[in-house]
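Enquirer: Heads up: the sequence lines are chains G and F, in that order. Heads up: the first sequence begins at 1 in the UniProt record's numbering, then just goes up one per residue. Heads up: the second sequence begins at 1 in the UniProt record's numbering, then just goes up one per residue.
Do not rely on the hints blindly, as some may be mistaken.
No copy is singled out in the list; a pair is fine if it fits within one copy or between any two copies.
Claimed, not checked - Here are the simulated lysine-lysine pairs, BS3-like style, with alpha carbons at most 30 Å apart:
(1) K449 <-> K391
(2) K292 <-> K343
(3) K179 <-> K35
(4) K195 <-> K441
(5) K211 <-> K292
(6) K441 <-> K360
(7) K195 <-> K179
(8) K441 <-> K211
(9) K292 <-> K360
(10) K41 <-> K121
(11) K357 <-> K243
(12) K35 <-> K86
(13) K140 <-> K243
(14) K243 <-> K343
(15) K41 <-> K451
(16) K179 <-> K121
(17) K357 <-> K292
By construction, these hints were calculated from the structure, which means they are not laboratory data. Here the structure is a predicted model, which is why all the values come from computation and not from measurement.
There are 2 protein chains.
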Amino acid sequence: MSKQQNILIIGAGLCGSLLALRMAQHGFNITLVEKRPDLRKFSLDAGRSINLALSDRGLRGLRLAGVEEAAQELLIPMTGRMIHEKSGNTFLSPYSGREGEFINSVSRPGLNKLLLNEAEKMPNVKIIFNHACTEVDFDKPAATFEDFNSREKSTYSADVIFGTDGAGSVVRANMIHDKEFLLNISQQWLGHGYKELEIPATENGGYRTYKNALHIWPRGEDMLIALPNLNGSFTVTLFLPYKNSDYCFENLTTPEMVQEYFQKEFPDVLELIPSLTEEFFHNPIGAMGTVKCDPWHRFGKTLLMGDAAHAMVPFYGQGMNASFEDVAVFDEILVQYKDDLDKGNITWERIFDEYEKIRKKDADAIGELAVDNFDEMKAHTGMELFQKKRKLETAFEAEFPHEYYSKYSLVTFKEDLSYSEAKRQGRAQDKAILSLLHDNKLDEIMSLKEKLQAVKRQTQLILNESETADYLKF
Amino acid sequence: MSKQQNILIIGAGLCGSLLALRMAQHGFNITLVEKRPDLRKFSLDAGRSINLALSDRGLRGLRLAGVEEAAQELLIPMTGRMIHEKSGNTFLSPYSGREGEFINSVSRPGLNKLLLNEAEKMPNVKIIFNHACTEVDFDKPAATFEDFNSREKSTYSADVIFGTDGAGSVVRANMIHDKEFLLNISQQWLGHGYKELEIPATENGGYRTYKNALHIWPRGEDMLIALPNLNGSFTVTLFLPYKNSDYCFENLTTPEMVQEYFQKEFPDVLELIPSLTEEFFHNPIGAMGTVKCDPWHRFGKTLLMGDAAHAMVPFYGQGMNASFEDVAVFDEILVQYKDDLDKGNITWERIFDEYEKIRKKDADAIGELAVDNFDEMKAHTGMELFQKKRKLETAFEAEFPHEYYSKYSLVTFKEDLSYSEAKRQGRAQDKAILSLLHDNKLDEIMSLKEKLQAVKRQTQLILNESETADYLKF
């Protein structure tokens, strides 16, 4: 057997930490380098609790590395969307009609800490914080880092490098500027920004609104959402256009205007967020974008993974899940080739190629689905036709749990189905069900079974049509 | 009237020179800054004559600035594609069935010199060469340049800046790195590179092959093309995959392999290019990509135009034409608002917004059509079905000149039709005619008029279908 290979992982966020842990379990020597301080010792966000939605695909990655159980303690199940109408009326729209299908609110730093702790337990993992990557030498490969405190530079070389340094990846930026390497890149920003606010816990640590849901205040062009935290608080996120709208970040410039806006659009929230205007003017506006690029690896020596390879907007709650699934998909291929790799019979390039061939189309698909879902959340959830659709789908899933999966379920709960397949089937199904409802072709006298059959027929028709269209493209 | 406004134009290539000339005609004070030396005094390309195809949309821009007539002397009409089969057989496939519709081979430096000369005649134009833009201050706006000789930096401010610095635009790069400005950007490279070669003139200055055509040797995945120059030579361009092909840039590493490749694929070319292998190993490999970005202007003070805003692959021969059309479209809007601009009633931002609203979809369309046309040129032109289609289209255009325009004609000769409309109609028409031919639905006993009606009906059907599909997208 050949010498133990050295792997350098740049970025110790959720993806990088899980990857480090899993690759260490395979016996590689891991150096994991992170720009920020160790979040187990220093909280950068001064108590702000950023939460994410963890679901099946993400859990698969955690399970693979043996940390699913430990993670469970951090999770708060959310069984559906709690829709808040302007009138103050609320109703729960379940994520699935099947038992046991829900998503989970989880604290990003909480989960990251867990993964860092687990990685650090491995004797073959070395974690270095406060070192920002400044340059990558793709030929060697090696990367240079600057110590945040001393400003001194140091260079680490390795057999291969993984770039898991997030949406603003420095590793990817180095690929873009590498003239010998033609990186295809697309970076598309939304015209909406976001701002985080907080619904604090009650005085005795309880929840001020229903705990086990993802709350949505859909208002067409803008929306508010809220996810529960373990300490009784909710992290609230306002999504609002930057400009050219009655209310937008450009014109919400005074406490009075912010109050007026919430009074008009989210009156029931005002009492839930006591320090609304302070937070509004203190917290930064975040930008949201979709990044696609390829090839993901630079001549077989440096591979991008997670947000660095495929950043997406947050509206499907799949960013972290997709990153963890990256690790699982990569692992499946690695396991297949590990012996040959150890014997020197095949190269990392071959493994990277294989991974990209399988994974790229799925990363593209979830990136596109996430943009779709913004419209669904901010506008459609408030529309009658859409609500009819969701009710029907929930009934299908409850009555025929093995025969029907909504697009949301295909994406979120069917971890054995690829994102690209979920997109293809789910979009056709959505189109089918919406057009049938719109044309009043799902008569009340039809049985639920007959309705399901009508939806399935129409879906198949749409799928066939789109295949013919592809064929005719010449 | 307000003071005369100062306009800084960065990049004195084809687009920047024409823009400078036209804006000077409107009375603005123009500073035109170019990174390279003055090509009227120094030839950078050591005698290589790079040529382009000038057609109606480009001529419109030249006409607007009063230089169409002067440009005519530089043009060589090309009436069609001369297809060279492997056997050595050739046939001419006309660009149009109508009289007077052809494209023109023109020397890039020749046309650039003409435009620089015309711009320099204006008292309100100052041209500075050898100054590379290093930084743009979008707020002022101002730009900093480095003198190629002295390395000294100087900064020029202006009322507005135009970035016409080409596909690798430094102005655009500055926009990308501006954190306050979310520039959407997509950069997609082809898996093919190109290499320029030359068919020299005969000893007495004549042409070694037919002068008035664009020559194509279509070979499926690779191709050779040749455009005539005024001096009797042809500029030849080889388009070849970088790798993963029987013959590709990666494996054509010896003179023997290059000879073998040409002997096998382009035997009739061997005798036309006496110094083939010398040129092959001397000339660089060029990369080809499509760049899309938006917004094109940074808060109303700096506007991208030409390749800087929308670089495209060369296969529709529309890169320069689109850039000249940019100037014409911009001019139309400027003329409309010029009085209000002079009086200070409206801002440049309003004009830039209007321009982008009208022009962006057309730039996107020609970028996509150019990629399509690569397949058409390298593969389809050599296929029987496609040749049947072209013959039928040529007959339509000859017999019914006002009733039928092929996609190529819509894009190339109908300067009153936008690129996006040409794309929409042209693609549907191509699909219609190909499916009718493929299904043998254009019977020989049908009259040409009947065939035209069948194609029109089928085209309309396809257009209606795609509208329905758009409608159902929800």
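Enquirer: Using 30 Å as the alpha carbon limit, work out where K35 and K86 are close: within a copy, between copies, both or neither.
Expert: neither (43 Å within a copy, 58 Å between copies)
Enquirer: My question is about K441 and K360: at a cut-off of 30 Å on alpha-carbon distance, are they close within one copy, between copies, both, or neither?
Expert: Neither way: K441 and K360 sit 38 Å apart in one copy and 40 Å across, limit 30 Å.
Enquirer: First find the shortest C-alpha distance between K195 and K441 inside one copy, then the shortest across copies, and answer within, between, both or neither for a cut-off of 30 Å.
Expert: So K195 and K441 fail the 30 Å test inside a copy (42 Å) and across (60 Å) alike.
Enquirer: Please work out whether the CA atoms of K211 and K292 approach to 30 Å or closer within one copy, between two copies, in both situations, or in neither?
Expert: neither (35 Å within a copy, 44 Å between copies)
Enquirer: As a check of your reading, is K357 near K243 (CA-CA no more than 30 Å) within one copy, between copies, both or neither?
Expert: between (40 Å within a copy, 17 Å between copies)
Enquirer: Go through the copies and call it for K292 and K343: within, between, both or neither, with a Cα cutoff of 30 Å.
Expert: neither (34 Å within a copy, 45 Å between copies)
Enquirer: If the cutoff is 30 Å on CA atoms, where do K449 and K391 land: within, between, both or neither? Let me know, please.
Expert: within (15 Å within a copy, 54 Å between copies)
Enquirer: Cα distance capped at 30 Å. Does K195 pair with K179 within a copy, between copies, both, or neither?
Expert: Between copies, since 17 Å is at most 30 Å while 37 Å is not.
Enquirer: Checking an output row: K292 and K360, CA cutoff 30 Å. Within, between, both or neither?
Expert: For K292 and K360, the Cα distance is within 30 Å both inside one copy (9 Å) and across copies (21 Å).
Enquirer: Go through the copies and call it for K41 and K451: within, between, both or neither, with a Cα cutoff of 30 Å.
Expert: neither (56 Å within a copy, 77 Å between copies)
Enquirer: With identical chains treated as interchangeable, where does the CA-CA distance between K179 and K35 reach 30 Å or less: within a copy, between copies, both, or neither?
Expert: Both, since 26 Å and 19 Å are each at most 30 Å.
Enquirer: Can you tell me if K140 and K243 fall within 30 Å by alpha carbon in one copy, between copies, both or neither?
Expert: For K140 and K243, only the inter-copy Cα distance (22 Å) is at most 30 Å; the intra-copy one is 46 Å.
In terms of the numbered hints stated before, the structure departs from hints 2, 4, 5, 6, 8, 12, 15, 16, listed from lowest to highest.
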